[in-house]
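S.K.: The primary structure of each chain is shown beneath.
There are 2 protein chains.
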Amino acid sequence: MGRPFLARLGANENVFGPSPKAVEAIRSAAADLWMYGDPESHDLRGALAAGRGIGVENIVVGEGIDGLLGYLARMLVEVGDTVVTSDGAYPTFNYHVAGFGGVLHKVAYKGDNEDPDALFAKAAEVGAKIVYLANPDNPMGSWHKGADIVKAMDKLPAGCLLVLDEAYVEFAPEGTAVELDIEDPRLIRMRTFSKAYGLAGARVGYALGAADLITSFNKIRNHFGMNRSAQIGALAALNDPDWLAQTCANVAAGRTEIARIAAQNGLVALSSATNFVAVDCGADGAFAKAVLDGLVTRGVFVRMPFVAPQNRCIRVSAGRPEDLKRFAAALPEALTEARSQPA
Amino acid sequence: MGRPFLARLGANENVFGPSPKAVEAIRSAAADLWMYGDPESHDLRGALAAGRGIGVENIVVGEGIDGLLGYLARMLVEVGDTVVTSDGAYPTFNYHVAGFGGVLHKVAYKGDNEDPDALFAKAAEVGAKIVYLANPDNPMGSWHKGADIVKAMDKLPAGCLLVLDEAYVEFAPEGTAVELDIEDPRLIRMRTFSKAYGLAGARVGYALGAADLITSFNKIRNHFGMNRSAQIGALAALNDPDWLAQTCANVAAGRTEIARIAAQNGLVALSSATNFVAVDCGADGAFAKAVLDGLVTRGVFVRMPFVAPQNRCIRVSAGRPEDLKRFAAALPEALTEARSQPA
Chain Y
1 MGRPFLARLG ANENVFGPSP KAVEAIRSAA ADLWMYGDPE SHDLRGALAA
51 GRGIGVENIV VGEGIDGLLG YLARMLVEVG DTVVTSDGAY PTFNYHVAGF
101 GGVLHKVAYK GDNEDPDALF AKAAEVGAKI VYLANPDNPM GSWHKGADIV
151 KAMDKLPAGC LLVLDEAYVE FAPEGTAVEL DIEDPRLIRM RTFSKAYGLA
201 GARVGYALGA ADLITSFNKI RNHFGMNRSA QIGALAALND PDWLAQTCAN
251 VAAGRTEIAR IAAQNGLVAL SSATNFVAVD CGADGAFAKA VLDGLVTRGV
301 FVRMPFVAPQ NRCIRVSAGR PEDLKRFAAA LPEALTEARS QPA
Chain S
1 MGRPFLARLG ANENVFGPSP KAVEAIRSAA ADLWMYGDPE SHDLRGALAA
51 GRGIGVENIV VGEGIDGLLG YLARMLVEVG DTVVTSDGAY PTFNYHVAGF
101 GGVLHKVAYK GDNEDPDALF AKAAEVGAKI VYLANPDNPM GSWHKGADIV
151 KAMDKLPAGC LLVLDEAYVE FAPEGTAVEL DIEDPRLIRM RTFSKAYGLA
201 GARVGYALGA ADLITSFNKI RNHFGMNRSA QIGALAALND PDWLAQTCAN
251 VAAGRTEIAR IAAQNGLVAL SSATNFVAVD CGADGAFAKA VLDGLVTRGV
301 FVRMPFVAPQ NRCIRVSAGR PEDLKRFAAA LPEALTEARS QPA
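Chains as they are written, first to last, in full-length UniProt numbering: chain Y, 1 to 343; chain S, 1 to 343.
No lab work stands behind these hints, which were simulated from the structure alone. None of these values were measured; they are calculated from a predicted model. Careful, some of the hints might be misleading.
Calculated lysine-lysine pairs in the PhoX-like style (CA-CA distance at most 25 angstroms, straight line) [claimed, not checked]:
#, chain 1, residue 1, chain 2, residue 2
1, Y, K151, Y, K122
2, S, K21, Y, K21
3, Y, K219, S, K219
4, S, K155, S, K122
5, S, K106, Y, K219
6, S, K122, S, K106
7, Y, K122, Y, K145
8, S, K219, Y, K106
9, Y, K106, Y, K151
10, Y, K145, Y, K110
From chain S, some residues computed to sit far from chain Y (all C-beta separations above 10 angstroms) [stated by the list, open to error]:
#, residue
11, M35
12, E63
13, L76
14, G80
15, D117
16, K122
17, T176
18, E179
19, D181
20, D212
21, N222
22, N227
23, D293
24, A308
25, E322
26, A328
Note that CB positions come from ideal geometry on N, CA and C, so glycine has one too.
Use the sequences and the hints to build the structure in full.
M.R.: And the structure:
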């Protein structure tokens, strides 16, 4: 529309921003950008490994989870290979799978949750090479206990890899992250500095898994692909757990406020373990789209799920108080407008 | 060795650094890194297009030339496709070609120059889908006139794409860059902010070519792969032509100084159109390696070509006066040491 949004609540960004220590580290590194970044991300991987009691050979750093999902598809997906995912979940991996000639099988949500049991049963049924599961889920914000996912993994067929996207896990209740022997060959986990650490624009993701699998990324990744100051900033962010805790508290307060605003307007906000909330607009996808359009017209950027019946919702980031004030002001008008439209 | 190099002259980095305006822009953008970068790199592509009188649809921005070469290989190389390159030239594209099952044919240098006539004749002979040529060349620093490359392109077989890597072209004499109708389907050119613009650590490359080819990158590239402040910094660097001119003058002075130091030690520095100089150590690859090791031991980081007879040289970046002073101090000792080793 040729002007910035008044409230940017649609891209799952963390409006509370990165640690001031990360900002300062990135500023200090700016004049050194004539040097390439470390192709091995040695310091960052070392810190991540030490924090988990695993080896650096169990961690690969890449250009966001999207970049790592692309590498993973390139490594593993051959023409005709089958991959199982949830219908309506985060779609980027699907694009890569299709691009390499893989065959996608989609499993429906169960309620508003991805359904590990059904996903893994489908994987067994079709002899899948890979299953993709996001926990917590985007776009719905729902989640499973890590232990329940591990239990469900018994159903995975032999040789099948679970790609577990934990992009939002720092926002989730204790026990959401999967705990499993890092060398278990059935699992690779994806993590990021884009969400809880507030560095979406820096492009720093990482994958955790068995050394054999992780090492094989080195055959194909863009070795000098990591921005130097992003590596430095991510390390500084990792070393500021207080800021992370404060961010998670801010996000939790934002989720509560979104739920309050929704209720005030007669709508239901779904429980969320992420930094966004799916708000059920109470009708179909066309109605939710009308509400979304009304919000966007009023300078409040939100998005919505792609697939029915989840597309009865709009997805709103847990913003700062001033962002949510704008959302609160715009929502009643957007709802009135949407209700006045011919069905 | 557990300590930083005294002079970092081996990675083809630009030690004169980025424009202070770029540094300032990157610093100013640091706190905004919670936002994703523009997936279309709209402002940067717009400025690049305007400067060339071409359309934004003729430019794709990516995570360095290495990243773009990887995308290009993914787009074009199928199992059994043939690709022609120079034996001993920049190898990254080769890795991608091999990774996608392509078959590489290598053509020898002619003297210390890549040989466009021989490359394109070989392409015709083997029915190549792609030819890779760097102009100016890495690792030798040699170059051809753009017009001569265009003339040689008459030999390309029908349907063959020339990937022309112009990473160093801003350092080269007027007339080195290829001038050709941007919609000519035989050519894609690779450019970067890593070299003359001094932003190697930012990872910003771009490709110039026919709209059809350039647009097809969108099917497979990592759409949110670009660091936000890198986009902003590259744009600021582009808008500071005075700094670029000063850098090129500094680099030219550095090349002259390297030639002087080489001559002082009885060695010959090859002519260079880049920000590094290949210094002929006057014997074979083993001797050059001994010289290189002696420099590295003394804290002066340099590299050398992989393939004979180019591996009789060491490759030295056109550093600052203080860097080259260290090189000048270390070289005689490294040479003496190398000459005292048993053959």
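S.K.: Could you run down the list of hints and mark each one as holding or not?
M.R.: Hints, verified against the model:
The straight-line distance between the Cα atoms of K151/Y and K122/Y is roughly 16 angstroms, inside the 25 angstroms bound, and the hint therefore holds. A threshold of 25 angstroms between alpha carbons decides the hint, and for K21/S with K21/Y the separation of about 23 angstroms falls inside it, so the pair holds. For the hint pairing K219/Y with K219/S, the CA-to-CA distance comes to about 23 angstroms; that is within 25 angstroms, so the pair holds. With a C-alpha separation of about 9 angstroms, the suggested pairing of K155/S with K122/S holds against the 25 angstroms cut-off.
Taken as a hint, the K106/S and K219/Y pair is honoured in the structure, with Cα atoms around 21 angstroms apart against an allowance of 25 angstroms. Distance check on the hinted pair: K122/S and K106/S sit about 9 angstroms apart at the alpha-carbon level, within 25 angstroms; holds. A hinted pair counts as satisfied when its Cα atoms are at most 25 angstroms apart, and K122/Y with K145/Y qualifies at roughly 20 angstroms. Between K219/S and K106/Y the alpha-carbon distance is near 21 angstroms, which keeps this suggested pair within the 25 angstroms criterion.
For the hint pairing K106/Y with K151/Y, the CA-to-CA distance comes to about 21 angstroms; that is within 25 angstroms, so the pair holds. Taking the CA atoms of K145/Y and K110/Y, the gap is near 15 angstroms; set against the 25 angstroms cutoff, the hint holds. Remark: the non-interface label on M35/S conflicts with the geometry, its nearest Cβ contact in chain Y lying 5 angstroms away (cut-off 10 angstroms). For E63/S, the requirement that its beta carbon stay farther than 10 angstroms from each beta carbon of chain Y is not met, with the minimum near 5 angstroms.
With a closest Cβ-Cβ approach of about 13 angstroms to chain Y, L76/S is found to remain outside the 10 angstroms limit, as its non-interface label requires. For G80/S, the non-interface assignment is confirmed: its Cβ lies about 14 angstroms from the closest Cβ of chain Y, beyond the 10 angstroms cut-off. Listed as outside the interface, D117/S is consistent with that label: its C-beta sits roughly 32 angstroms from the nearest C-beta of chain Y, beyond the 10 angstroms cut-off. Every beta carbon of chain Y lies more than 10 angstroms from that of K122/S, the smallest distance being close to 27 angstroms; the non-interface claim holds.
Chain Y leaves T176/S outside its interface by the beta-carbon criterion, the shortest separation being 22 angstroms against a cut-off of 10 angstroms. In this structure E179/S is separated from chain Y by more than 10 angstroms, as the shortest Cβ-Cβ distance comes to about 29 angstroms. Every C-beta of chain Y lies more than 10 angstroms from that of D181/S, the closest at about 30 angstroms, which supports listing it as non-interface. The beta carbon of D212/S is kept farther than 10 angstroms from every beta carbon of chain Y, the shortest such distance being approximately 18 angstroms.
With a least beta-carbon separation of about 5 angstroms from chain Y, N222/S fails to lie farther than 10 angstroms from that chain, contradicting its non-interface assignment. The non-interface label for N227/S is inconsistent with chain Y: the shortest C-beta to C-beta separation is roughly 4 angstroms, within 10 angstroms. Separation of D293/S from chain Y is adequate, the least Cβ-Cβ distance of about 22 angstroms exceeding the 10 angstroms criterion. No beta-carbon of chain Y is positioned within 10 angstroms of the beta-carbon of A308/S; the least distance is around 25 angstroms.
Taking the minimum C-beta to C-beta distance to chain Y, about 15 angstroms, the non-interface status of E322/S holds against the 10 angstroms cut. Against the 10 angstroms criterion, A328/S stays outside the reach of chain Y, whose nearest CB is about 22 angstroms from its own CB.
In summary, the structure is inconsistent with hints 11, 12, 21, 22 from the numbered list given earlier, while agreeing with the others.
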